[in-house]
Amino acid sequence: MTKYETLRICPDVKMNASRFAVAGLYSNDDSRCVIHAGLIDESTELQHGEPVTLFHMAPPLITESAESNSRYQPVDIVSVVGLTSDELYKMEEWRYRVSAYVESDEAKKLKGPFRQYVIHPHKCPVLSELKRLIGYRFSCVGLVIDCYESAGIATIAIDHQMPEIDEEVLQQTYPQIARLESIHRKKPEHKILLELGFRGIRELGLGDKPWKPILVGYLFHSLSRFNHLSPRPPAYIPHSVEDRFF
Amino acid sequence: MTKLESVSFTNQGSRGQYEPAFEESTSTLDEFVDLAKRLRLSAFYMHGSDKANLVVGVECVNPLGKHLLLSSNNKDIVVRELLPYEVNDAFDRQSDVPVESVSPSSEIEGSEDYVTELKNIICNNTNSLVLRSAAAMKVAVVEPDFVRGWTLEQLAECVSDTEASKNLIYLVDELRFPREEDRNDLWQCLMNQAVFLRSKNDPTLSNALGTAIRRIASVIPESKADCLVSFLSNDSGVDTRLIALQAVCIIFSMAPYSGSDLIALKDRINELRKKLVDRDVLIFGQTAAIASAAISASTCISLSSIDEVLADLNSVQPWFRDVVKQALVDLANNWKDSASKAAQQLIDKLVHLEHQTTPR
Chain C
1 MTKYETLRIC PDVKMNASRF AVAGLYSNDD SRCVIHAGLI DESTELQHGE
51 PVTLFHMAPP LITESAESNS RYQPVDIVSV VGLTSDELYK MEEWRYRVSA
101 YVESDEAKKL KGPFRQYVIH PHKCPVLSEL KRLIGYRFSC VGLVIDCYES
151 AGIATIAIDH QMPEIDEEVL QQTYPQIARL ESIHRKKPEH KILLELGFRG
201 IRELGLGDKP WKPILVGYLF HSLSRFNHLS PRPPAYIPHS VEDRFF
Chain Z
1 MTKLESVSFT NQGSRGQYEP AFEESTSTLD EFVDLAKRLR LSAFYMHGSD
51 KANLVVGVEC VNPLGKHLLL SSNNKDIVVR ELLPYEVNDA FDRQSDVPVE
101 SVSPSSEIEG SEDYVTELKN IICNNTNSLV LRSAAAMKVA VVEPDFVRGW
151 TLEQLAECVS DTEASKNLIY LVDELRFPRE EDRNDLWQCL MNQAVFLRSK
201 NDPTLSNALG TAIRRIASVI PESKADCLVS FLSNDSGVDT RLIALQAVCI
251 IFSMAPYSGS DLIALKDRIN ELRKKLVDRD VLIFGQTAAI ASAAISASTC
301 ISLSSIDEVL ADLNSVQPWF RDVVKQALVD LANNWKDSAS KAAQQLIDKL
351 VHLEHQTTPR
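The listed protein sequences derive, respectively, from chains C and Z. Heads up: the first sequence begins at 1 in the numbering used here, then just goes up one per residue. Heads up: the second sequence begins at 1 in the numbering used here, then just goes up one per residue.
Keep in mind the hints are simulated off the structure, nothing from the lab. Where is the CB? At the ideal position from N, CA and C, for every residue including glycine. Take the hints with a grain of salt, since some may be wrong.
[Said to hold, decoys possible] These stretches of chain C come out as covered by chain Z in the derived footprint (C-beta under 8 angstroms, 3 or more residues):
#1 95-104
#2 109-123
#3 154-166
#4 231-241
Construct the complete structure from the given sequences, taking the supplied hints into account.
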């Protein structure tokens, strides 16, 4: 029977992770800083070191499975939230609707990964020249928040002010982005930036400070409270940037 | 042989799934691949190709690193730029190399040359259109003005070349066209390309076709929206139909249609809606997504149909009513800035739907 819980996937841990459970990755510094989140796409008995099928904003927006070109790496932490059948149906509708925006491999290669991605806000409308709403950009955590929101489940208090982060926190929570940004500051036309379509963190929503993005760790603090179908806890308000650790 | 700056591995990884302590360095991409193999990162191996093995190397770091690599045509550059510091972080917890101190490499000095080189590729008519459009995509990041005119010209001239058509569609999806006459050319050219791709009846083209349809919707005059009806026909793929319905919502995302034309489009959308919004037909996932999109599209084109829509919803599952209600609330919120009273009218109607919905 599936338990509703949040677990670190250690060598001695086995876990039944259902569809729409949330998987996370830690940074590589043993600090338990969570740097990435995605949705488990197929129910699975999860073991340490075993890859899982994920629907996530890598970026770009992708589904990774054993059948796809690149198997996803094992995850470090998983939250299984109890869902009613109605909530599951709503999330399935969301899943299919959002899937329409998954690009083909060749399109991803040509366009680079950042066009669907934003750090702050966690979900950002994309407008055409005529201000028509073409779609949305998401952060990795934003995609998960939106999925649960489609089922009426508020995970993070998104209207609330998030804690401010500085460069050090940015580097720990978004290491690749920080690296690309350091190149961008020195040379915006650097070859790798042109290759990847990276236009700097301002384009990702981190312009003038203060920076107050929703960090991935906040999500796991929120989901760890969802141990029962009812009553549901209120949307989580992060206390400080220390909540990036879980 | 592709060049790779020295990458050193000096300790066991923090995740614990790598081999015990080792000390290696590589100076070429091929050596790097060999090293990855010797480190027995086999849990991550897939197909044994160089590309896959290289993915393994970055995969140790995090998913973005992997996709940066997959997205790049110059993998050696990505490896050079991303691995030195990341690998130190991933494999050597004692690393004292701060990010800022790692040189972004000599590639920086060559960047202007790279843009010039790309422009030369674009302007050289003897190059394939696929190659030229791929170069244009990179130049678009720094010099969109240079790329815009060229792209429209090529899009108009491109006929019967599937690969070039796909690349050009992806390219115009990245560009923005401030001039109205350019936008008029754009949607008409894209329409020709979309019809061409659809005629191929090839599922591998559905992504480019979907991109074209969405981009058409982003700039087409409202009065011309009828041209999307062909993508809603039964012989269009299911995915294409969903995207065409979403495209209608894009066209009318700022305000609902106020005219009385678009008869064919309206009729086809209503046909789809009536067929799918039926308790015996409606199931979660794909069908629900299309049904919900049909309701939103129908509301965009004919707000007066909302009473009929809400009546139909009486018979379907409560969870789907909630999905539709949320979609229509989002639509009304988008319309709030328009001069019409449509947003308020729609909100007023949804109050009735709320009363019908089974509380969660």
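Practice prompt. Could you work out which earlier hints the structure fails to respect and list their numbers in ascending sequence?
Written response: Numbers 3 and 4, in rising order.
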